[in-house]
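> Given only the sequences and the hints, what does the whole structure look like? Please build it.
Chains Y and E, in that order, give the protein sequences.
Letter by letter, the first sequence follows residues 1 to 148 of the working numbering.
Letter by letter, the second sequence follows residues 1 to 250 of the working numbering.
Check the hints yourself; a few may be wrong.
[To be verified] To spell it out: a stretch of chain Y is covered by chain E in this simulated footprint if at least three of its residues, at any positions, have a beta carbon under 8 angstroms from a beta carbon of chain E; those stretches are:
1. 82-93
2. 101-109
3. 128-135
Keep in mind the hints are simulated off the structure, nothing from the lab.
Every residue, glycine too, gets a C-beta built ideally from N, C-alpha and C.
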Amino acid sequence: MLEKSLVFQLISAFIVSFSFAILTNSPRKSLLYCGINGMCGWLVNLLLLRFGFSQILSVFFAALSINVLSEIFARFLKNPVPIFLIPGLIPLVPGAGMYNTMTALLKSQFELAIKTGMQTLLIAGSIAVAIMIVTSFNWVFKTFQRKS
Amino acid sequence: MMSSKQLIEIALLAGEIMLTNGAETHRVEDTMVRICSKGKLRLAESFVIPTVIVATVADENNNLVTVSKRIKSRTIDLNKISLVNQFSRDFQTHEYTYEQAIEILNKIKNKKGYSFYLLPFAAALVCCFSTILFGGKIRDAISAFFVGFVTQTILNFMNFKNFSYFISYIIGGSITALIALITVNLNIGIHLDKIIIGSVMIMTPGVAITNAIRDTIAGDLLSGVARGVEAFLIAVFIATGAGITLSLFR
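Below you can see the structure in the form of structure tokens.
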């Protein structure tokens, strides 16, 4: 039962990234890779959550793996990195956190709003840090390659 | 051999296409300098922020040419960025004449994206399956499909009529919440929150966020901050729109 739902979730993540790539007008050849990217990220996220990692940490590692995959795809397909990165990150965006913050504000529950808002910001921040780490390492790598 | 004026015109057109379609500013700067490096120039500099392109070249006789271009409308079309990227690589290896280069760039500029009728279906699929990712049931996914279809159709229309993004995101957020409420009242969907969370995904400023981070690391702090503020404001607008509808009809 558990494995069946896992497969279903992975297929959903694939379709979400694939369709979002259409919305951003990505090149036709890259659509499939965008879908694979989103699926791998969601797999990492789900597995880490199941092993008992916190939500922030699992989103961080998922974003890290998506970014590494995007760099690899970008090298092989000779396309800019963001084409693969943007659709891949979409399933990880903390939409639920934003919604909960908004409804808490509507009901004037300010303590709950601050709590959920902070958590949302931390998740968004962990995605940002993951992108920063991979991208800056990649640029260091590139300059070394150019010198040698 | 191209004159410095012709080179900078080509570079400016390429930069304009990239920036209007959502490239990072450092990528635009790199591409423009790379195109200019084809000629024998003494100096080639470009300065790009999300709303303006400024470029300067000087040839061997020290004839300075500076051009600037104000970017007013911004859309997202990653295919064009990929094509211009490819063009700038070809431009270095091939011997293009001025007319050929301008013709290729104009062809890229006027290229159509995916069909107008495909976009609502893609948006509907995004909404439908992200509802499932956030823990919705099949019935929620079905109603999110309708929500996404209608919202994207209206967003397309507002984009076509050149609404300011402030208004279009507020209207988009409120329409999402409104249709989600209708589907729940018609007994198609079950969880209102799951449907709205899934459906708002089509409006997430993914390009703005990613570009903000990548620009910041590249050292373009000004562009990074500008894009970060844009992304934050879009999120606030969507929440405002959805919040207005929810508080009115609850």
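> Taking the hints in turn, state whether each one holds.
The hints, checked one at a time:
1. With 9 residues bearing a CB less than 8 angstroms from a CB of chain E, the stretch 82-93 of chain Y meets the requirement of three and the coverage assertion stands.
2. With a cut-off of 8 angstroms between beta carbons, the stretch 101-109 of chain Y has 5 residues touching chain E; three or more are needed, and the interface restraint holds.
3. A stretch counts as covered by a chain when three or more of its residues have a beta carbon under 8 angstroms from one of that chain; for the stretch 128-135 of chain Y and chain E the count is 4, and the coverage holds.
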